[in-house]
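> The whole structure should be built from the sequences, with the hints applied where relevant.
Single-letter residue listing:
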Amino acid sequence: MHKVFVILRKEFSEIVQQRILLFSILLPPLLFAVIPLVFLQRIGNGSRASSLAIPSLGGLTLHEYTQGVLGTAFSNLYILLPMIVPSIIAAFSIIGEKNNRTLEPVLATPVRRWQLLTGKILSALLPAVIVTWISGGLFIAELAIFTDANVVSHVVTAGWLMLFIACTPLLGLIAVAIMTAISSRVNDTRTAQQLSIWGVIPVLGLILGELSGQFELTVLVAVIATAILIPLAILLTWGAAQLFQRETILTRWK
Amino acid sequence: MNAIETNHLTRAFGSLLAVDDLTLAIPEGTVFGFLGPNGAGKTTTVRLLSALIAPTRGSAAVAGYRLGEQNEAIRQSVGILTETPGLYDRLSAWQNLMFFAELYDLTAERAASQIERYLHLLDLWERRDDKVGGFSKGMRQKLAIARALLHEPQIIFLDEPTSGLDPEAARVVRDFIKALRTEGRTIFLTTHNLPEADELCDQIGVFRSRLLRLGTPATLRAGMFGMGTQVRVSGDATRWIETVRVLPFVHDAHAEDGVLSVSLDHPDDQNPALVQALVNAGAQIRAVEPISHSLEEVYLELVENERQAAAVSR
Chain A
1 MHKVFVILRK EFSEIVQQRI LLFSILLPPL LFAVIPLVFL QRIGNGSRAS
51 SLAIPSLGGL TLHEYTQGVL GTAFSNLYIL LPMIVPSIIA AFSIIGEKNN
101 RTLEPVLATP VRRWQLLTGK ILSALLPAVI VTWISGGLFI AELAIFTDAN
151 VVSHVVTAGW LMLFIACTPL LGLIAVAIMT AISSRVNDTR TAQQLSIWGV
201 IPVLGLILGE LSGQFELTVL VAVIATAILI PLAILLTWGA AQLFQRETIL
251 TRWK
Chain B
1 MNAIETNHLT RAFGSLLAVD DLTLAIPEGT VFGFLGPNGA GKTTTVRLLS
51 ALIAPTRGSA AVAGYRLGEQ NEAIRQSVGI LTETPGLYDR LSAWQNLMFF
101 AELYDLTAER AASQIERYLH LLDLWERRDD KVGGFSKGMR QKLAIARALL
151 HEPQIIFLDE PTSGLDPEAA RVVRDFIKAL RTEGRTIFLT THNLPEADEL
201 CDQIGVFRSR LLRLGTPATL RAGMFGMGTQ VRVSGDATRW IETVRVLPFV
251 HDAHAEDGVL SVSLDHPDDQ NPALVQALVN AGAQIRAVEP ISHSLEEVYL
301 ELVENERQAA AVSR
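Those protein sequences? They're chains A and B, same order as listed. Per our numbering, the very first residue in the first sequence carries number 1; after that it's consecutive. Per our numbering, the very first residue in the second sequence carries number 1; after that it's consecutive.
Don't take every hint at face value.
[Claimed, not checked] Computed footprint of chain B on chain A; a stretch qualifies when at least three of its residues, placed anywhere within it, have a C-beta under 8 Å from a C-beta of chain B: (1) 93-106; (2) 225-238.
[Unchecked claim] Here are a few chain A residues that sit away from chain B, every Cβ distance over 12 Å (derived from the structure): (3) Ala73; (4) Ile89; (5) Ile134.
Just so you know, these hints were derived from the structure itself, not from any lab. It should be emphasised that the depicted structure is a prediction, and the values quoted were computed from it without experimental measurement. Each residue gets a CB set at the ideal place from its N, CA and C atoms; glycine is no exception.
Next up, the structure:
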C-alpha cells in the first residue's frame, strides 16, 4: 500500500507543477458548481416553473414539456460531440507521432505539407462527423419512438437541425485545429485533452444560454452561428497549417 | 560528378551556430563519413541536405538539384535513415513499407516488388506480417533501412545506422552498406563508431559545428600524426636514436621499451635505407612495422584541438 501512495504522490506532484493543466482540471467543476446557481436562483425567485421557460417548448403540456426539456438538454450535447471526438483522435495522432518520432521520416518524403495536414485533419474529422451524425440520427429516431409526437417538432427544430448538420464539420475542424496547436506543445494526450476544454467553453455557453431561456435556437441564430464559425474555422485551420511546416515540426515541436 | 555539393552552408538557431560555413563536395558512388561529438550539428547537416530544414545562408546541390529551389526533387532523390527508426508500431512491416512506398509515388506493383526484395535482402521476409511493435532494435533498424531504399535513391543518408545494435546485426548493416556502394550509390554516414567509419568510408569529414578536417582515413592519419616506422631492436633502443636522426629523410626519432619510432614521409621507399643504416651500425633488428594511429586518435586529437581553440577565442 505504501508504494501506491508513493506513486500517487509522484503523479500529483507532476500535475501540480503544470499550472495550465491544474487550472483546466479545476475550471470545469467550478463552472458546473457556479452555473446551476443561475438556474436555481431563477427557479427559486420565480413562483412558477415557467419562469425558466425554454422558448422553443412553449405550448406543450406539462408531460410534453418535461420530455422536451430532457430532449433539448440531450440535443445540445450533439453540438459538443463534434468537438470532443476529433480532439481525442487528433491528440493521439499527433502526440503519438511526436513521441514515436514517426513524423520525420514522413516529412523526408516528397509529401507536400497540405497533403499531410489534410490527411491528418480528415482522419480526425471524418470519423467525428460520421459518428455524430449517426448518433444524432439515432437520437431523433428515439425521440420519435419514445416521446409524444408534439415533442419531436419542438426539440428537433429547424434551427437545431441546421446547427447540427452545418456546424458539426465546422466545430470538428475548430477542435482539430486547436488540438494541433496544443499537441505541438505538450507531450502526453492526457494534458492535451485537459487543455482542449478551453475550446469547449464557448459552445457550453451557447448550450446553457438556450437551456436557461436566454435565447431560442432559431434558424437565424443557427445562420449567425454558422457565419461566425466558418471564418473562425478557416482562421484556426490556417494557424494549424503554420504549425505543420517541416521546419516548425522538427525544430519547435517539443 | 558530385552527388552532394555545399557552399558555405550555414544554419543558426538563434545565437547558436549549429552548422557553420560548411563547404564540401562528395563524389558519386562514395561512402562519406561524417564524424563529430554529440551536439556537433551532424543531424542538422543531414536535415539541411535532405531538404527538411532551410539553411540560414549558403547553398547546396543534392543529386543535381538546388537546395531551396527543388526541395521536392531532392526528397524524391534521397533516402534517409533517421536517428530513431520512426516506424509505426501498430502496423506490420509490410504495411509500414507500403505506406512509405506510396508516399514515394511507387505504383502498387513496384512497391510490392521492392518491399519483397528488401525484406528478403535484410532477412525480414518471414516477419513481414508481424507488428513492428514486437520487433527488436536491430530488426527495426533494418526495416528503417529498407524504407530508405524502396524508391532506389542514389543518395542515402544514414544517421547512426549501427547504433545500439548487437555485433551480428551491426555486421549485417555494414555489409549491406558495402553492397550499396558497389551499386554506385552515394552514402552519407554519420557515426560515432570510428572503427566502422575506418572500415566503410572512402572519405571522412570531422565536424564540430564546422568542418575540422576532410580526407581519406589514411590522409587524416598522416596529416595529424605524420607517417613513420617502428623498428624493434634487441637491447636498448635509445642507442640508435642518433644513428637514425642523422639520416636526411628522418624527421624525428624516439625510443621506448626496445622500440625505435621514426618519423618519415615515405616509409615504403625509405624503410630499406633506414634498416640498412641500423644494421650497419650494429643493431639487431627484430621487427619492422608501420606506425599506425587509429582513427579514434585522429578524431580525439582534432576535437580536443578544436575545443581548446574555442576556449582560447572566448
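> Does each hint fit the structure? Answer for all of them.
Verification of the supplied hints:
1. 93-106: Our answer is that it holds, as 7 residues pass the Cβ test (under 8 Å) against chain B, meeting three.
2. 225-238: With 0 residues in contact (Cβ-Cβ under 8 Å with chain B), the coverage given for the segment 225-238 of chain A is violated.
3. Ala73: Label holds. Min Cβ-Cβ 38 Å, cutoff 12 Å.
4. Ile89: holds (14 Å)
5. Ile134: For Ile134 (chain A), whose nearest Cβ neighbour in chain B is about 25 Å away, the distance exceeds 12 Å, so it holds.
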